[in-house]
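A.B. asks: Residue strings, one per chain:
There are 2 protein chains.
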Amino acid sequence: MNRLHVVKIGGNIVDDVDKLNHFLTEFAKIEGSKILIHGGGKIATSLAEKMGIEQTMVNGRRITDAQTLEIVTMVYVGLINKKIVAKLQSLSCNALGLCGADGNLIKSHKRTGANIDYGFVGDVDLVNQRLLNQLLDQEVVPIIAPITHDQKGTLLNTNADTVAQEVACAMASIYDTTLIYSFEKEGVLLDVNDEDSVISKLDLDYYNDLKSAGKIFAGMIPKLDNAFMAIEKGLKSVIIGNADHLDMLITGIKGTTIG
Amino acid sequence: MNRLHVVKIGGNIVDDVDKLNHFLTEFAKIEGSKILIHGGGKIATSLAEKMGIEQTMVNGRRITDAQTLEIVTMVYVGLINKKIVAKLQSLSCNALGLCGADGNLIKSHKRTGANIDYGFVGDVDLVNQRLLNQLLDQEVVPIIAPITHDQKGTLLNTNADTVAQEVACAMASIYDTTLIYSFEKEGVLLDVNDEDSVISKLDLDYYNDLKSAGKIFAGMIPKLDNAFMAIEKGLKSVIIGNADHLDMLITGIKGTTIG
Numbered sequence: 001m002n003r004l005h006v007v008k009i010g011g012n013i014v015d016d017v018d019k020l021n022h023f024l025t026e027f028a029k030i031e032g033s034k035i036l037i038h039g040g041g042k043i044a045t046s047l048a049e050k051m052g053i054e055q056t057m058v059n060g061r062r063i064t065d066a067q068t069l070e071i072v073t074m075v076y077v078g079l080i081n082k083k084i085v086a087k088l089q090s091l092s093c094n095a096l097g098l099c100g101a102d103g104n105l106i107k108s109h110k111r112t113g114a115n116i117d118y119g120f121v122g123d124v125d126l127v128n129q130r131l132l133n134q135l136l137d138q139e140v141v142p143i144i145a146p147i148t149h150d151q152k153g154t155l156l157n158t159n160a161d162t163v164a165q166e167v168a169c170a171m172a173s174i175y176d177t178t179l180i181y182s183f184e185k186e187g188v189l190l191d192v193n194d195e196d197s198v199i200s201k202l203d204l205d206y207y208n209d210l211k212s213a214g215k216i217f218a219g220m221i222p223k224l225d226n227a228f229m230a231i232e233k234g235l236k237s238v239i240i241g242n243a244d245h246l247d248m249l250i251t252g253i254k255g256t257t258i259g
Numbered sequence: 260m261n262r263l264h265v266v267k268i269g270g271n272i273v274d275d276v277d278k279l280n281h282f283l284t285e286f287a288k289i290e291g292s293k294i295l296i297h298g299g300g301k302i303a304t305s306l307a308e309k310m311g312i313e314q315t316m317v318n319g320r321r322i323t324d325a326q327t328l329e330i331v332t333m334v335y336v337g338l339i340n341k342k343i344v345a346k347l348q349s350l351s352c353n354a355l356g357l358c359g360a361d362g363n364l365i366k367s368h369k370r371t372g373a374n375i376d377y378g379f380v381g382d383v384d385l386v387n388q389r390l391l392n393q394l395l396d397q398e399v400v401p402i403i404a405p406i407t408h409d410q411k412g413t414l415l416n417t418n419a420d421t422v423a424q425e426v427a428c429a430m431a432s433i434y435d436t437t438l439i440y441s442f443e444k445e446g447v448l449l450d451v452n453d454e455d456s457v458i459s460k461l462d463l464d465y466y467n468d469l470k471s472a473g474k475i476f477a478g479m480i481p482k483l484d485n486a487f488m489a490i491e492k493g494l495k496s497v498i499i500g501n502a503d504h505l506d507m508l509i510t511g512i513k514g515t516t517i518g
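Those protein sequences? They're chains A and B, same order as listed. Residue numbers for the first sequence follow our numbering, beginning at 1 and rising by one. Residue numbers for the second sequence follow our numbering, beginning at 260 and rising by one.
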């Protein structure tokens, strides 16, 4: 099987032009097939403020009403995605931007049943493996914004970590797939206040021990649960670490390798 | 050669949800290969107003400064393109949205040499025929927003009529290509105040006669000059007419057929 790197880049990196450009330069150098999924950053929030659209947060999560959906679509798919694509094209990386509606790439459904109505938020049903495979065969590099659709004409805001995991898992049956979560932290830390305490290898037993001992930072738990679920679904490995040294994450010198 | 319809939809239609949905329903029904290019409409202007960004117009043309480029990219590629794609997907039309940076679809250069600096405005150098052909082979329907790139990392605002013409001409060597400009008028009118005075067939001699006699509405001349240039470059025909009855434009019952 050919190798495939599926890389998720966090919102904090997207907000910092220098960090983003450095990251994209390293991303462009990855050999073989690759896919990038990007988050949103703070631009959507500041655009909403400028437009006087109030953002409702419930339990730390943004409610995506109709106006907010328009804003995140404009910012994620219009602004951020195309800036990334144009930059990668300038680095001779044949990037092509997509959201989940394009070519029916990611079909989702509006989240229901929760006590809270999160609005236009989508949970993923299906990733179009065939489309991604065709693009990769043509040496195109898909750059995916986390907006999906319900195939009934409605766009839906979707968690970018989840999109990355679903995309990686969908490709795992035809590619030797590694999923990389790159963000502003060095990896999974044994001591949340010490960036030098990175756990370099984390398997399920060790994870469960650490979790029981209360040693895993709460904000990291959904990411790690996702990562272990992805391994179960056939991924080779999941790597978590700092976007500043993507090259060293891939070679396993830095970050946390899960699996 | 297989048939290809390249359809441009004007900004006024994009602004009207009902008209747009009717148009897209008819577009989805076109048999064989097809490509849609859409304009911008008034949403970009109203967003700029809401954000307090002043728009500079010179000789009736918008100057695309850095902030305006961000706005048109967000609105054209983010909002309008993805609404169209999601709607078409709901109609079982396998639409996939692109701007000129995606897969290096449309390489352009920043307009220079004019007495006026139009800002981030691009004139087209090259359309990636190979990418469009690969997508059409996979029965994907490309939906193109009129934002191009210079391959050096800069996005450029580009006239949608020109994009449509360049795309159609690029495909004419491998497809039996018809270009359709659909907008809010019935076609080329003999009397600008009478929508019933549509000229159904217009060849170059007749056009030159009408132009000499001052009978062609000034605003129509760039569109028609473009159309005749496209015929010269190998297009089968160019059709101009009302987006409300796209089906009848294609069959030649309504609108003006040029060529």
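Don't read these hints as lab results, they were simulated from the structure. Treat the hints with care, since some could be wrong.
As the list claims (entries may be wrong) - Short, incomplete list of chain B residues facing chain A, as computed with Cβ under 7 Å:
hint, residue
1, L338
2, A345
3, Q348
4, G362
5, N363
Just so you know, even glycine gets a beta-carbon here, dropped at the ideal spot from N, CA and C.
A.B. asks: Determine for every hint whether it applies to the structure shown.
C.D. replies: Do the hints match the structure? See the list:
1. Checking B:L338 against chain A by beta carbon gives a least distance of about 5 Å; that is within 7 Å, so the hint holds.
2. Using the Cβ-Cβ criterion of 7 Å, the hint placing B:A345 at the interface with chain A is satisfied: the shortest such distance is roughly 4 Å.
3. The beta carbon of B:Q348 comes within 6 Å of a beta carbon in chain A, closer than 7 Å, and the hint placing it at the interface holds.
4. Annotation: interface hint on B:G362 holds; nearest CB of chain A at approximately 4 Å, less than 7 Å.
5. Interface restraint check for B:N363: the shortest CB-CB distance to chain A comes to about 6 Å, inside 7 Å, so the restraint holds.
Of the numbered hints listed earlier, not one is contradicted by the structure.
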